[in-house]
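Chemist: Model the full assembly from the supplied sequences, consistent with the hints where possible.
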Amino acid sequence: MTDRNIPVTEDELHAYVDNELPAERRSDVEAWLAAHPDDAERVQSWRAMAEALHARYDSIVDEAVPKRLEIERLVQQPRRWVVGAVAATLAAFIAGGGTGWMARGATAAAPSVLQTFTVHAIEAHRLYVVEVRHPVEVPGSERSHLQQWLTKRCGWVVRAPELTGAGLKLVGGRLLPSSAGPASFMMYESASGERFTIYTAKSEAEATQMRFAAEGKESTLFWADDGVVYAVVSTGTDRGRLNQVAQAVYDQMEKKGG
Amino acid sequence: MIPALRRYARALARDADIADDLVQDTLVRALRSERLFLGGDVRSWLYTILTNLNKNRRRSLARRPQFMPLSDNNPDASGTEAEGRDIARALATLVEEQRSVLLLVMLEGLSYREVADIQGVPIGTVMSRLARARAHVKASLEGERTTLRRGK
Chain A
1 MTDRNIPVTE DELHAYVDNE LPAERRSDVE AWLAAHPDDA ERVQSWRAMA
51 EALHARYDSI VDEAVPKRLE IERLVQQPRR WVVGAVAATL AAFIAGGGTG
101 WMARGATAAA PSVLQTFTVH AIEAHRLYVV EVRHPVEVPG SERSHLQQWL
151 TKRCGWVVRA PELTGAGLKL VGGRLLPSSA GPASFMMYES ASGERFTIYT
201 AKSEAEATQM RFAAEGKEST LFWADDGVVY AVVSTGTDRG RLNQVAQAVY
251 DQMEKKGG
Chain B
1001 MIPALRRYAR ALARDADIAD DLVQDTLVRA LRSERLFLGG DVRSWLYTIL
1051 TNLNKNRRRS LARRPQFMPL SDNNPDASGT EAEGRDIARA LATLVEEQRS
1101 VLLLVMLEGL SYREVADIQG VPIGTVMSRL ARARAHVKAS LEGERTTLRR
1151 GK
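Quick note, the sequences are listed as chains A and B, same order.
Letter 136 of the first sequence, counting from 1, is numbered 136 in our numbering, and no numbers are missing.
Letter 62 of the second sequence, counting from 1, is numbered 1062 in our numbering, and no numbers are missing.
It should be emphasised that the hints constitute simulated quantities derived from the structure, not laboratory data.
Predicted model, so just to flag it, every value in this text is computed and none were measured.
Hints may be right or wrong, so weigh each one.
With a straight-line Cα cutoff of 30 Å, these simulated DSS-like cross-link-like pairs (lysine-lysine) come out [as the list claims (entries may be wrong)]:
(1) A/202 x A/217
(2) A/169 x A/202
(3) A/217 x A/169
(4) A/67 x B/1055
(5) B/1055 x A/217
Modeler: Structure (structure tokens):
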């Protein structure tokens, strides 16, 4: 109620129209619009603009895709699993066509859960990666014990992936608290001291594509699978290298599920 | 996904053939890229490639000013309604970044965050571009309605 006295900004009007406004602020904006006809007129004109855009361009979505754009013609030699994933996504979206507009509300809600998760993953990374003497609770030399313990405490199968192919050795792992219950944390190190961490926690998200997030010098590739979210975090690493490590982790987690 | 990409490309580049060229180049690049999946989801990533390809295309066009269209007398193959032509003409008056933001948000339904990633700018920049684009298109549409149309 008190919020009603806070004037609505130009940015909020746009966010309102684009469904980017926090739900609790929407009624304030609606009250504001009722009292400010000029702003209401602008908001209405933006909606009309969106309708005009869709009226003008949505027919393209229904057109048959020209032969030269067919995936089968464009794919010559799939080089790695990602090509398969990209092609599959493209194919899946062909059926959906212009669902972007419709699915707006549904997709807009998803990132916040994952955002919290990536923040936790990055914080844990920052906190422990600088540790020289006590980076982990259970050392990598006790890999099977570490896996059993984390699996038991977390409630899903926690596996410490083998990353020697990427030049990384398991330092060890620890159990961490998270807003969604226990989280597992594992650290890997290269011969040159470069450290990667893998953070997993429970999530509402069933399954998502691999996504990228960065904050400061830390960057992460993260994805959800079967109600568990995975984040591979590194500091100051270029994306290609992070991608290589994350793919190796991803591949092994996939196999786990069978 | 391809139909949505084509829609975005058409609105961005206006010419149907150029738009499909952009889509084709985008797909080829995506499928063959050695460093695929640098981050983000596939959808955003494809929009990013297409946006960048179009930027490059316009840059090379700018070096040959004689080919720059001064006004939109481009007969659009589909969409014959007057409103559709108006909006296309209004879009054409926007600078590239603003047109891209406007289309990604209003036509393709992407979030501010996704558009910020696609353009490689902070969310605040996306919002100010969007606000300017909307104001400009609105003014353009209103101006057009009050101006006497010349024959063609």
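Chemist: Of the hints given before, which are not true for this structure?
Modeler: none
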